[in-house]
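K.L.:
Given next are the chains, with one letter for each unit.
There are 2 protein chains.
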Amino acid sequence: MLRSMRAGCACFFLATGWVSAAQDWSEEHLTVAAALQERALAGTAAYEHVSALVTQVGPRFAGSAGDDVAVRWALNRLGELGFSKVRTQDVLAPRWVRGEARVEIVGPGAQPLVAVALGGSVGTSEAGVEAPVVEVESLEALSALTPTEVSGKIVFINRRMERTRDGSGYGAAVSIRTQGPSAAGGLGAAALVIRSVGTSDERVAHTGALVYRIDAPRIPAFAISNPDADLLSRQIARQSGQHGASGKPVRLRLHSTARELPSTWSANVIGEIPGGERPEEIVLLGAHLDSWDVGPGALDDAAGVAIVMEAARLISKLERAPARTIRVVLFANEEFGLSGAREYAKLPQEEIDRHIIALEADFGQGPVWRVQSQVAAEALPAIAAIHQVLQPMTIELGGNDASGGADIGPLRELGVPVLDLTHDGTHYFDVHHTLNDTLAKVDAKALDQSVAAYAVAAYLAASKRGDFGRLTATTSASQ
Amino acid sequence: MLRSMRAGCACFFLATGWVSAAQDWSEEHLTVAAALQERALAGTAAYEHVSALVTQVGPRFAGSAGDDVAVRWALNRLGELGFSKVRTQDVLAPRWVRGEARVEIVGPGAQPLVAVALGGSVGTSEAGVEAPVVEVESLEALSALTPTEVSGKIVFINRRMERTRDGSGYGAAVSIRTQGPSAAGGLGAAALVIRSVGTSDERVAHTGALVYRIDAPRIPAFAISNPDADLLSRQIARQSGQHGASGKPVRLRLHSTARELPSTWSANVIGEIPGGERPEEIVLLGAHLDSWDVGPGALDDAAGVAIVMEAARLISKLERAPARTIRVVLFANEEFGLSGAREYAKLPQEEIDRHIIALEADFGQGPVWRVQSQVAAEALPAIAAIHQVLQPMTIELGGNDASGGADIGPLRELGVPVLDLTHDGTHYFDVHHTLNDTLAKVDAKALDQSVAAYAVAAYLAASKRGDFGRLTATTSASQ
Chain A
1 MLRSMRAGCA
11 CFFLATGWVS
21 AAQDWSEEHL
31 TVAAALQERA
41 LAGTAAYEHV
51 SALVTQVGPR
61 FAGSAGDDVA
71 VRWALNRLGE
81 LGFSKVRTQD
91 VLAPRWVRGE
101 ARVEIVGPGA
111 QPLVAVALGG
121 SVGTSEAGVE
131 APVVEVESLE
141 ALSALTPTEV
151 SGKIVFINRR
161 MERTRDGSGY
171 GAAVSIRTQG
181 PSAAGGLGAA
191 ALVIRSVGTS
201 DERVAHTGAL
211 VYRIDAPRIP
221 AFAISNPDAD
231 LLSRQIARQS
241 GQHGASGKPV
251 RLRLHSTARE
261 LPSTWSANVI
271 GEIPGGERPE
281 EIVLLGAHLD
291 SWDVGPGALD
301 DAAGVAIVME
311 AARLISKLER
321 APARTIRVVL
331 FANEEFGLSG
341 AREYAKLPQE
351 EIDRHIIALE
361 ADFGQGPVWR
371 VQSQVAAEAL
381 PAIAAIHQVL
391 QPMTIELGGN
401 DASGGADIGP
411 LRELGVPVLD
421 LTHDGTHYFD
431 VHHTLNDTLA
441 KVDAKALDQS
451 VAAYAVAAYL
461 AASKRGDFGR
471 LTATTSASQ
Chain B
1 MLRSMRAGCA
11 CFFLATGWVS
21 AAQDWSEEHL
31 TVAAALQERA
41 LAGTAAYEHV
51 SALVTQVGPR
61 FAGSAGDDVA
71 VRWALNRLGE
81 LGFSKVRTQD
91 VLAPRWVRGE
101 ARVEIVGPGA
111 QPLVAVALGG
121 SVGTSEAGVE
131 APVVEVESLE
141 ALSALTPTEV
151 SGKIVFINRR
161 MERTRDGSGY
171 GAAVSIRTQG
181 PSAAGGLGAA
191 ALVIRSVGTS
201 DERVAHTGAL
211 VYRIDAPRIP
221 AFAISNPDAD
231 LLSRQIARQS
241 GQHGASGKPV
251 RLRLHSTARE
261 LPSTWSANVI
271 GEIPGGERPE
281 EIVLLGAHLD
291 SWDVGPGALD
301 DAAGVAIVME
311 AARLISKLER
321 APARTIRVVL
331 FANEEFGLSG
341 AREYAKLPQE
351 EIDRHIIALE
361 ADFGQGPVWR
371 VQSQVAAEAL
381 PAIAAIHQVL
391 QPMTIELGGN
401 DASGGADIGP
411 LRELGVPVLD
421 LTHDGTHYFD
431 VHHTLNDTLA
441 KVDAKALDQS
451 VAAYAVAAYL
461 AASKRGDFGR
471 LTATTSASQ
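Chains as they are written, first to last, in the numbering used here: chain A, 1 to 479; chain B, 1 to 479.
With the rest of the complex left out, here is chain A (with noise of 0.2 Å):
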């Protein structure tokens, strides 16, 4: 098979043209980085590494006890897996608890409904807010609202989210999570009640993180399943006419026994695989350790944590090692503030001007259909060359606008260059936040198209003669 792929290579470089791939990389790089794609697709080990990730650790929300048993599997499985340096950085998390929420309908057709509390919630009283119900579809319907129209009530946003492969229908939906709680408690509303930022038909909430302003009342913010957002709206819609119906407003009862806790101490876990020629220099994988409370968080993220832990290992295993080191970095609380991302990036100026470029790793097991970049103009042709290795993958070359993702955000703003690989969403969030989130969804295949995704891309990053660049205010403008 190497055989083969050396012939593929040659070709590759007659004709294609790059005059990067000649530039930045010996025939031989180029040669090693499509046997690591081959070694990748004929099967790894990333899908075991999931798998005990969640059966031995499970669910691990940023400062529970979850959270401190993944920190030192974590520690443990690098250093099984041969990593070098492999240390822990401390990060301060905030600490909040979820306790229990219910959200039933009252009244005729009284029926009990599938609810989350969302991410950093307030709780109700004791008593609990029973209010009826104001249903809109969207933010914009929400603040065509007067105060005395929502004023004690409980406000209901309705907005579907649209299924996508990009992840573009979440980017839509979710700030109906991130901003409605305060734009309903700014209109004097007893507590908001949202649909799921999700795509699933099951009677599944999906919980993420809100954001309260500082100028606005903190009510208590829930999302209810699918499903039951279209058992309420029905009700809503029966209650306005139709024979039989009373004619009274629906009313809702909710409870929660949500509260936030005082800080507590996490840590990224980091392990490298070092550089032959330039250890200093350093390409990060990174992929987030924690999870969400509600499920064992299979596809977010021990699938991210698998796939750059398993590239990593692959590149370990060359008999050269690339020029450049690897550096996996496992970030805490990704989930509820990005804590671990904003330590990191703390790190002295000197060692961030040492990140030649990062990857991330957080949007589910894959396969990966694109690959794009922000990195500096000059450095294009470099990004069209790996492109040009990863193409056999069906993978599409995309713009220089990425983001890189929420845990190499910091970094970028910096001036790292980043790489993304963008997976396959059309089924993500049919799970992404919610219980539902298990080993069951995991196909070991994807995982295998991502790794070998990852390991060409991060094993020609570390070998590239020069370097991507930096970003500057103008090049970030760009996204």
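Just so you know, not all the hints are guaranteed correct.
Cross-link-like lysine-lysine pairs, in silico, DSS-like; alpha carbons within 30 Å at most [said to hold, decoys possible]:
| # | chain 1 | residue 1 | chain 2 | residue 2 |
| --- | --- | --- | --- | --- |
| 1 | A | Lys317 | A | Lys85 |
| 2 | B | Lys248 | A | Lys441 |
| 3 | A | Lys85 | A | Lys346 |
| 4 | A | Lys248 | B | Lys441 |
| 5 | B | Lys248 | B | Lys85 |
| 6 | A | Lys248 | A | Lys441 |
| 7 | B | Lys317 | B | Lys85 |
| 8 | B | Lys85 | A | Lys441 |
| 9 | B | Lys445 | B | Lys317 |
Don't read these hints as lab results, they were simulated from the structure.
Got chain A; can you put chain B on it based on the hints?
P.N.:
Just chain B, lined up with the frame of chain A:
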């Protein structure tokens, strides 16, 4: 369209050569049956009936407040749809309350599992049960254990249910739920946990009734979701010796507030489409009005309720009524002991004898893919003739060993012939007896096809010149 169907029917007479069709029905009957089928396939109100029942009522477990609302709903609906003699028949039903159930893995790898109490289970003490787990793969494997191996422990039966079209996977697996509690209790187990008898890979636990034997201690019994069963099994496998594992047995902590209450009154709800010539003779269409408490029972059995109501309603709209009466019976408490079915079968024998055949819809929404029967041998040509009319909907002809369904079982035992229109059950057990049995899973087209099949079969049965004979001990023994 009617013209083409008429031509089709003439054809049918000529081509099939069934003597029965000509003996038992006029050409007009067969033409009307075919037209009924077309009309239903063009779209019925069945989806709207399901939507109304799950929206306005929701969960309706026997004896619960929802059950009362459901009886009122059904009386109103049958009245609105133009049924005659709409009435209730009082039914005394056992009353069981699920309360809260908690199942969690203790110790390293501690995780909460998604669980429900099995229907009829006793609860635990307030302190709950905490004990090591013994995993077995079947009732047979459990019965091979000695009391010493099981005593004081929590038995975990991890038998996987197979997905099948005809529901046979359920029949093969459900004994772990019905017989497991007493099998484990008889060996001195402290409690039983079973893998859900369902095919979903979502994190949802499947309830359903257990049976306590008189000679075994009543122990608390739970079902956990399929992904949780896999998780527990992986933890158990790991503890038997893998690297890093403590080697100690996996322990579970269980808690349940399930309890029995005094029996309460529920009701069968009955409505009729009067026959034109022999109104005292009855073709029974049955479904059950109750649901499990965990969800709104859209497929189990709002779908069946809608199918039989709508099939009868379509027949009521015909220019000329069939000879016999179509009686729709919405049975009380199918799920937790068949109370309504048993009560109905206590009708005076002379009334039972006037039931010429019974059909039930209690296996989801369809589509119907097979017709089978249990009728006297001399009526088999008539069943084949009914099948001929249904065949354009790609419906197969099965054997004469049908059970017909649970609610008409007591009638069958009293000699009433049964016809079984088998629904496609491939996806039924993804949601059956779970909170996911919602309107989101309902397909209007499948319902319409089922309505078409029931309308045709009921109309032909009600129009048939002769009857279907009576079942004798010999006929019944054939199943």
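K.L.:
Hint by hint, note whether the structure agrees.
P.N.:
Hint-by-hint comparison with the structure:
1. Lys317(A) / Lys85(A): holds, 17 Å
2. Lys248(B) / Lys441(A): holds, 29 Å
3. Lys85(A) / Lys346(A): holds, 19 Å
4. Lys248(A) / Lys441(B): Holds, at about 29 Å.
5. Lys248(B) / Lys85(B): The given pair, whose Cα atoms are some 66 Å apart, is violated under the 30 Å limit.
6. Lys248(A) / Lys441(A): Violated, at about 43 Å.
7. Lys317(B) / Lys85(B): Answer holds: Lys317(B) to Lys85(B) is near 17 Å, not above 30 Å.
8. Lys85(B) / Lys441(A): The given pair, whose Cα atoms are some 52 Å apart, is violated under the 30 Å limit.
9. Lys445(B) / Lys317(B): It holds: about 21 Å lies between the C-alpha atoms, which stays within 30 Å.
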